[in-house]
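Asker: The residues making up each chain are set out below.
2 protein chains.
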Amino acid sequence: MAGKETSDKFKKLGLKVIDDIEKRQNPNIDIPIRALSNIIFDKKTGQLGLGNKSSKRYFFNVAHSKKFMQTLMVAAYSKGLIDEQIHTSIRDMYYALKRTLPDTNENTVDEQSETDPLIVDIEVALDIIREQMHLTTDRKGIVAGNVIIKDRGDSIDWSKLGSGGWSIPSTVEEIDFKKVEADYVVVVEKNAGFERLHEDKFWQKQNCVIIGTGGQASRGTRLLIQRLNQEHKLPVYVLTDADSYGWYIYSVIKSGSMSLAHISERIATPEAKFIGLTISDIYDYDLKKCIIKAKEVDIKRAKELLKYDWFKNNKKWCKEINLMVEKGVKAEIEALSNRGIRFITDEYLPEKIKKKDFLD
Amino acid sequence: MAGKETSDKFKKLGLKVIDDIEKRQNPNIDIPIRALSNIIFDKKTGQLGLGNKSSKRYFFNVAHSKKFMQTLMVAAYSKGLIDEQIHTSIRDMYYALKRTLPDTNENTVDEQSETDPLIVDIEVALDIIREQMHLTTDRKGIVAGNVIIKDRGDSIDWSKLGSGGWSIPSTVEEIDFKKVEADYVVVVEKNAGFERLHEDKFWQKQNCVIIGTGGQASRGTRLLIQRLNQEHKLPVYVLTDADSYGWYIYSVIKSGSMSLAHISERIATPEAKFIGLTISDIYDYDLKKCIIKAKEVDIKRAKELLKYDWFKNNKKWCKEINLMVEKGVKAEIEALSNRGIRFITDEYLPEKIKKKDFLD
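Protein sequences, first through last, are from chains A and B.
In terms of my numbering, the first sequence opens at residue 1 and continues consecutively.
In terms of my numbering, the second sequence opens at residue 1001 and continues consecutively.
No lab work stands behind these hints: they were computed from the structure.
Incorrect hints may appear among the rest.
Claimed, not checked - Keeping only pairs whose Cα atoms sit at most 25 Å apart, straight-line, the calculated DMTMM-like set for lysine to aspartate or glutamate is:
| id | chain 1 | residue 1 | chain 2 | residue 2 |
| --- | --- | --- | --- | --- |
| 1 | B | K1160 | A | E111 |
| 2 | A | K160 | B | E1181 |
| 3 | B | K1205 | A | E84 |
| 4 | B | K1098 | B | D1116 |
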């Protein structure tokens, strides 16, 4: 059965609690700490991760008791989803768990803000990811290219989807890659950029895969990028606006985010490279007419990026970010259209890839 | 050539301006007025539309001159897109048109906010829609079901896309329907709802098409809904949260929006029906535990809805909206999960459809 390993982890958790009870010990669950004090950046893997501090959640502890119950409810519900082979959203789960305890006015849960952190607690405690708990996250992202996958019994050819593309579901753990003939993956921050590449059949001419994230990449999209990179050895090139927000989108794909530090290695792609836009591009490609004045918040964010380990230890990145701060400018992917609609697909991307003009 | 008709309209516009010049008249373009004063609700068609007030934009008029030039630039650019058979986003077009006039410090355009309204001016002046101008809008929306389409030479079977679905492009004008065997279309406001219906293969069991809009439906999605309804006579049932925002999503699919009143008949689906959630559902389906207290802004918005012609002239809608205002409550689609994960696909939707329990 798919998911048996995860289901067994839940079973083990349950048996452990029963064992505590039988031994007349205070039933408890051991949960790694996710505060900043326990988040570390691993230079070797290039990823954010958790240290080894943890704390215990007890049943017989007035401050823990309700949370202890809720944690077991979430675990039991999730195990049920796996065993029944169905998925649901975290919001649906919250509603499903909501009930009034018999003979009281007390609800099991009152707000989704109570169950959400418990999901993460379980992720770190059992070393699994939400997708394995059969909990879906919001889907976003589109893909097209020379790849055939098998998913829920269907064979899907990403090169035969017309002007549409395959809508990336929230869980891509279970898809099988049947044929991957592409040479690399281009990830574009914007849907408009995806449409441009798609209409020009960039993936066909260049034999690659194109992915549109529509802003910050969803978990499903990040996992798909990782799988294409790790299982099929495809280089990944990320294209975003030349601003702090775009660069952070790249950073999250590559190294993970603070809030999901505990699962970086499960969904990040440390080998991803940044193809553009850089501030230097504005001058190298004569886009000065399309400069946008950076706002105060952009500059502030850029200065924050300079403190991130993976930016501050990289000379090229420091140069680009400092350039933005000094000149107070930014630019968008669409600025390339000033040089002609097909400039991005005919010249900008092929040239950068040929010259290996990337930032790490 | 696809788009020849639109291209010809642009040509005619150009010839008219040349004619003005040759006759030594002040070159001008006639543009219908889009202000509230000229927006009317057509009770017969159930759609918002424009009245017949218009105004002229002159070349020799200091207040009009720049706008006149920009209007012709947008028209010329768009004609070029059609003739070359390529598409681009409105942001790309803005950048493409941006240049400094020779021997001046004056730019053709400085901000996108200058070109965006001109697109709409041209839409109303030439009675075309943005999609026909080959300008794309942000894509959003997913579809699955018993339909096969042909698009850009590919044959795409919406029933064979695994857990993904077909990502609806921003322009669906050019897709051909090859096989439409579905009995109706269910449109779901939320991606999580789409995933639930999709995983349960609701479209297969019920022989229908399911569409997820991911919030307010994009233009491409609205056009697709209209085409399925008008060309293939499929009834359309819209499922949203029981709150003013969800109901407005329905209203826009059905009757168009104020800001796009001039193209309502091109993308709205007056025959669409509302399947839920209603405030009555909360009580009829025993979802009281999942009630959310409505905020002041929800109530305010609900009261505004009561002023819309298509709500205020409908008894059932008045009852529901007033119920919300009186009780100060709302509820989400996910609340149905309180009755079991598959309650929505096994009971709620089939029962409503069987009983024809809709709001118009």
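Asker: Confirm or reject each hint.
Answerer: The hints, checked one at a time:
1. Among the hinted pairs, B:K1160 with A:E111 is inconsistent with the structure: their alpha-carbon atoms are about 38 Å apart, more than 25 Å.
2. Between the alpha carbons of A:K160 and B:E1181 the distance comes to roughly 21 Å, so the proposed pair stays at or under 25 Å and holds.
3. Proximity of B:K1205 to A:E84 is assessed by CA-CA distance (about 19 Å); at most 25 Å being required, the pair is judged to hold.
4. With a C-alpha separation of about 13 Å, the suggested pairing of B:K1098 with B:D1116 holds against the 25 Å cut-off.
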